[in-house]
Structure formats: structure tokens, C-alpha cells
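> If you read the protein sequences in the order shown, they are chains U and D. Okay, so the first sequence: first residue is 1 according to full-length UniProt numbering, each after it adds one. Okay, so the second sequence: first residue is 1 according to full-length UniProt numbering, each after it adds one.
Bear in mind the hints are in silico, worked out from the structure with no lab data behind them. Errors might be hidden in some of the hints.
To be verified - In silico lysine-lysine, DSSO-like type, Cα no more than 30 Å apart, as pairs:
1) D:59 <-> U:66
2) D:75 <-> D:43
3) U:232 <-> U:185
4) U:43 <-> D:43
5) D:62 <-> U:99
To be verified - For each label pair, taking beta carbons as the anchor points, the in silico distance ranges come out as:
6) U:167 <-> D:188: 48 to 54 Å
7) D:27 <-> U:18: 19 to 25 Å
8) D:99 <-> U:1: 36 to 42 Å
9) U:119 <-> D:178: 53 to 59 Å
10) U:265 <-> D:119: 25 to 31 Å
11) D:189 <-> U:70: 51 to 57 Å
12) D:99 <-> U:31: 34 to 40 Å
13) U:117 <-> D:206: 39 to 45 Å
For glycine and all other residues, C-beta sits at the position ideal for the given N, C-alpha and C.
There are 2 protein chains.
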Amino acid sequence: MIILKLGGSVITDKNSLTAKLDFDNLNRIAVEISNYLKSYDSKLIIIHGAGSFGHPPAKKYKIGEKFNLSNYQKKRIGFSQTQLAVKTLNSQVLNVLIKNNIPAVSIQTSSILTTNNKRIDSFNIDLVNKYLDEGYVPVLYGDVAIDKSLKMAVVSGDQIITYLGKYLNPDKIILASDVDGVYNKNPKTNSDAKLFKCLSSLKDLEQFDSTTNIDVTGGMIGKIRELLELSKEGVDSFVINANTKNNIFNILNDDEVNGTLITNKCNK
Amino acid sequence: MIILKLGGSVITDKNSLTAKLDFDNLNRIAVEISNYLKSYDSKLIIIHGAGSFGHPPAKKYKIGEKFNLSNYQKKRIGFSQTQLAVKTLNSQVLNVLIKNNIPAVSIQTSSILTTNNKRIDSFNIDLVNKYLDEGYVPVLYGDVAIDKSLKMAVVSGDQIITYLGKYLNPDKIILASDVDGVYNKNPKTNSDAKLFKCLSSLKDLEQFDSTTNIDVTGGMIGKIRELLELSKEGVDSFVINANTKNNIFNILNDDEVNGTLITNKCNK
Numbered sequence: 001m002i003i004l005k006l007g008g009s010v011i012t013d014k015n016s017l018t019a020k021l022d023f024d025n026l027n028r029i030a031v032e033i034s035n036y037l038k039s040y041d042s043k044l045i046i047i048h049g050a051g052s053f054g055h056p057p058a059k060k061y062k063i064g065e066k067f068n069l070s071n072y073q074k075k076r077i078g079f080s081q082t083q084l085a086v087k088t089l090n091s092q093v094l095n096v097l098i099k100n101n102i103p104a105v106s107i108q109t110s111s112i113l114t115t116n117n118k119r120i121d122s123f124n125i126d127l128v129n130k131y132l133d134e135g136y137v138p139v140l141y142g143d144v145a146i147d148k149s150l151k152m153a154v155v156s157g158d159q160i161i162t163y164l165g166k167y168l169n170p171d172k173i174i175l176a177s178d179v180d181g182v183y184n185k186n187p188k189t190n191s192d193a194k195l196f197k198c199l200s201s202l203k204d205l206e207q208f209d210s211t212t213n214i215d216v217t218g219g220m221i222g223k224i225r226e227l228l229e230l231s232k233e234g235v236d237s238f239v240i241n242a243n244t245k246n247n248i249f250n251i252l253n254d255d256e257v258n259g260t261l262i263t264n265k266c267n268k
Numbered sequence: 001m002i003i004l005k006l007g008g009s010v011i012t013d014k015n016s017l018t019a020k021l022d023f024d025n026l027n028r029i030a031v032e033i034s035n036y037l038k039s040y041d042s043k044l045i046i047i048h049g050a051g052s053f054g055h056p057p058a059k060k061y062k063i064g065e066k067f068n069l070s071n072y073q074k075k076r077i078g079f080s081q082t083q084l085a086v087k088t089l090n091s092q093v094l095n096v097l098i099k100n101n102i103p104a105v106s107i108q109t110s111s112i113l114t115t116n117n118k119r120i121d122s123f124n125i126d127l128v129n130k131y132l133d134e135g136y137v138p139v140l141y142g143d144v145a146i147d148k149s150l151k152m153a154v155v156s157g158d159q160i161i162t163y164l165g166k167y168l169n170p171d172k173i174i175l176a177s178d179v180d181g182v183y184n185k186n187p188k189t190n191s192d193a194k195l196f197k198c199l200s201s202l203k204d205l206e207q208f209d210s211t212t213n214i215d216v217t218g219g220m221i222g223k224i225r226e227l228l229e230l231s232k233e234g235v236d237s238f239v240i241n242a243n244t245k246n247n248i249f250n251i252l253n254d255d256e257v258n259g260t261l262i263t264n265k266c267n268k
């Protein structure tokens, strides 16, 4: 079984002022997934980010920040609006997948998951397994969640990956982003940025340019730390560029792709 | 706590050839719900039908009928399409509710429920309760489901009501339909149709005109049978006409409304 994460930056138009799907990119990716599934009877879970749909309302209503309970009603409306926004993206993603003959089934993350202080606290994945067993491609996504300490929080697609990676023991995890992999600096603004071909320990992370870590990676280090933890249990992850044609098909198909492998055993 | 069912005929345009929301009707109903919630701090669950969104794909792909497993892939696509169609309706409903300041949270039924031979087999309602406790209005809906014997089935809003009525012990159940209540004949085609003011036993059902039962009621008798079972446990149900202005507000508000009461104790 493979877990494929489609980053929000890959499937939505970040330059648009309003929530907008990057239809062309998503459709091309859907064709690649469909071609892979046609040839191989493999199980696949897709997780997508919230992109330009979820971030604006989550930011506007400060979902995940502490608040005074006298403002709870207003916050609830913000929660509802954010849930609806990411659900709208999810419907658009499902529409493209299904049109490409992928038997994709939406699993609304906020219907099966709660968090505690922004971390997944309970996650009922019974139906994720059932849909997989029946040959569907379950599609989960970054969503809002009821939070035990903060009342409400945002749960990222990345957290979902790590959780499913731990409990479903996939053959591999693919993180489809809009850059070629994990760099020591932001490759979009630093021409000397170095791509890591393979990461196998927290020590590798020391090569990150500490001054640019935060804006470069948007929490990339935390993500890699979690994927390194997973790699200790034998689950390898690949960070690849989904904007490069055939990358998704090739990585699904076990062909070589330029990118970063996160594993327990780099060949150095 | 109150459970309100909005029939598909109330919130979608049945005369439209394509899936179409009855925006005006839904918006008026949302205003009435919002006005009620403003005045009373009551818990509310909304369940809506699939109407002109769900029935065409479910019918096209014969969801819920036995099929040859060699056709499973085609059926899966039908399942996916039907799920997406009802989810689209659900998003449109949520949009109207939230715009009217109702803290509505969608709960995707097919993410938490399975059936066996078209009847609910498992239903994880933990999060329904959690959202209720946090002051949200959970919104569930008629959806597709994985079925233990038939592989896939349709689960109606009515089945969801009966299940939640049994396990959540609501103060009352409201079925908002497009007629004034339960009649012995189809009131739209029979000028002499008689409205039942109160139903308290299966014996009352003998007054139904047996020749017109099926097309009249679309399974109304089965539904009433289940609601009668619930009434034995003290949960009363009201069938009312949601197309009549203020009916929803009045029934939520415990004011008298023309309709059919299904209860253990009719005053005869």
C-alpha cells in the first residue's frame, strides 16, 4: 500500500486571491495515478493539503489559537466556514480523480478525528481500511478538528500521513511538493541551495541553513523528523516535485525519480 | 435535543433535470432555524435527504442491487460519483446554514457508517455527540455506504433518523416534508385524501389505502412503523410541511403546527 500526499501548493493556485484549484496540474497528476492503477493492482491512499482554500479562513478566524469562551459562537462559525472551504477543495479533487476513472472515496477527516493541543488525539481509521480492502482509493485531507485543550484546531495533511504511516505500515510514502525535494535552503530564492538525495538521521538535518529554516520549509524539519521516525520502522518516504511530468507515475511505479529519499539506510 | 430531517423534496428542485438546490426554500428554512437557535440554547441535529442530487447516479449505477463481481470496478466508480453528488448537495446546504449564522458542521455519513443488506450495521456517532456538546449543529445526510452483503448500498436520511432517535434519545423528531403530514392517499392527486392528526399504533396504518401505498408514500409506511417503534420509547415525531412559512420555527418552538404527530398516546 502506498500513501501519496498532494501538497496544497501542487493542487491549488497559490497566486490566486480567491480559493482556486490548479486544475491542469491536478488533472495531469490524476492521469498519471490512473495509468499506474490500470497496470498495477496496488492499494493507494491519497491525502491532500488545504492550500488556498483552507488557509485564509483558518487564519482569519485564528483556528488553533487560544480564545476567550465568550467568543465561542463566532469561533464556531469560523470553524464551520473553514470546514466547508476545505471540503469544497476536496470535492473538486474528487471530481477530477473520478473523471479519470479512479474509484476515489472521500473520507472527511473532521468526521473521524480529534486533536489535543493540535496533535491527533483520536483517529477512527476503520473505514479507511474498509474502503482500501474494497478496492477504493480513500482520499483524506487537511481539515479542522475538535481539540481537547484548544476547543478547535487545524490538522495538516502531514500529520495525517505520519499517523497513517505508523498504523497502516505502507510500502512507501510519497510527498508530492512543488520543489525537487528537501534542500538546505529555499531553492526558489537561493541558487546555491543543495538538494539532499537521501536523509537517514537527525544529524543530516544539521546541514540545514539555520537562518532560513523557518520561511524556507514551513515546518519541513518537523515533518522530516517524523518521517525519519517512520523510516526506523521500515517505512521509506520520498519527497518529489509533482510539477515535473511523469514524476508521480514513475515514483508510484518504483522508477527512479529526482528527489529526496528519507530512509533508515542511505547508500553513502 | 431535537432531530430535524429536511426531505430531499424540500431542499432540492425536483422539477429540474439536473441536480439543483431549492435555494429560496432552504434559505427561508435556515432563517427560521437561525431565529430559533438565537432564542433557545437547544441542541439540534439536521439530517437531509439526497433529492435530485443523489437519486439519479444511485439509480444509474443501481447502487444497492446485487451485481457480478466482474463489474466491481464500474460499480466503484458509480459509488464514487454518487458519494460526490450527495456531498455536493451537503456543501450547498452547509453554505446556506452557515451564511445564516448557524454553526453547522458537516458529518460525512459514508465516513462513519456501514450497512448490511441496506440496513445500518455500524455507525460511529462519537463525533456527532462531541460536536453537539461543543454547541455545533451536526448535519448528516443520505449517502452511500459499504455494505457487508451487497458490497455497496444507499442509506437514507430516514434510516439515519431512526438510528439516532434510538441511540441519542432526542426530545422530538421533526420530519419536514412537502405535504402537510401523513395521509391515507397521495394528497397531491386525491382531493379526498385524509390527513392523520395523530398516529399511535400499527392499527392506524390499516386506514391506508392499500392500492396507493407504494407510489403515494415512497416507503412512508415503513418509516412510520419505525417512528412508532421509537414512540414506544417516548420519542415523539412530527411530520410537517416545510413549504409552509414558519412551520419549522413553530414546531422547533413547541408551537402548534398542522401536521401528523406520531406518538405513544394520541388524545382520541
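> For the range 39 to 45 Å, tell me whether the beta carbons of residue 117 of chain U and residue 206 of chain D fit it or not.
59 Å, violated
> Between the beta carbons of residue 99 of chain D and residue 1 of chain U, is the distance compatible with 36 to 42 Å?
Hint holds: Cβ distance 40 Å, inside 36 to 42 Å.
> Should the hint that residue 265 of chain U and residue 119 of chain D are 25 to 31 Å apart at their CB atoms be regarded as holding?
50 Å, violated
> Could you tell me whether the CB distance from residue 167 of chain U to residue 188 of chain D stays inside 48 to 54 Å?
With a Cβ separation near 53 Å, residue 167 of chain U and residue 188 of chain D satisfy 48 to 54 Å, so the hint holds.
> Is residue 43 of chain U close enough to residue 43 of chain D, meaning Cα to Cα at most 30 Å?
41 Å, violated
> Can the restraint linking residue 62 of chain D and residue 99 of chain U be considered satisfied, given a maximum Cα separation of 30 Å?
The hint holds at about 19 Å.
> For the hint 53 to 59 Å, verify it against the beta carbon of residue 119 of chain U and that of residue 178 of chain D.
46 Å, violated
> State, for the Cβ atoms of residue 99 of chain D and residue 31 of chain U, whether the hinted interval 34 to 40 Å holds or is violated.
36 Å, holds
> Given the range 19 to 25 Å, decide if the beta-carbon distance of residue 27 of chain D to residue 18 of chain U lies inside it.
Given range 19 to 25 Å: holds, Cβ gap about 23 Å.
> Does residue 66 of chain U lie within 30 Å of residue 59 of chain D when you go C-alpha to C-alpha?
Judged against 30 Å, a Cα distance of about 48 Å means the pair is violated.
> Taking the beta carbons of residue 189 of chain D and residue 70 of chain U, is their distance inside 51 to 57 Å?
54 Å, holds
> Measure nothing beyond the straight line between the CA atoms of residue 232 of chain U and residue 185 of chain U; if it is 30 Å or shorter, mark the hint as holding.
Holds, because 26 Å separates the two Cα atoms, which is no more than 30 Å.
The structure is inconsistent with the numbered hints 1, 2, 4, 9, 10 and 13, although it conforms to all the rest.
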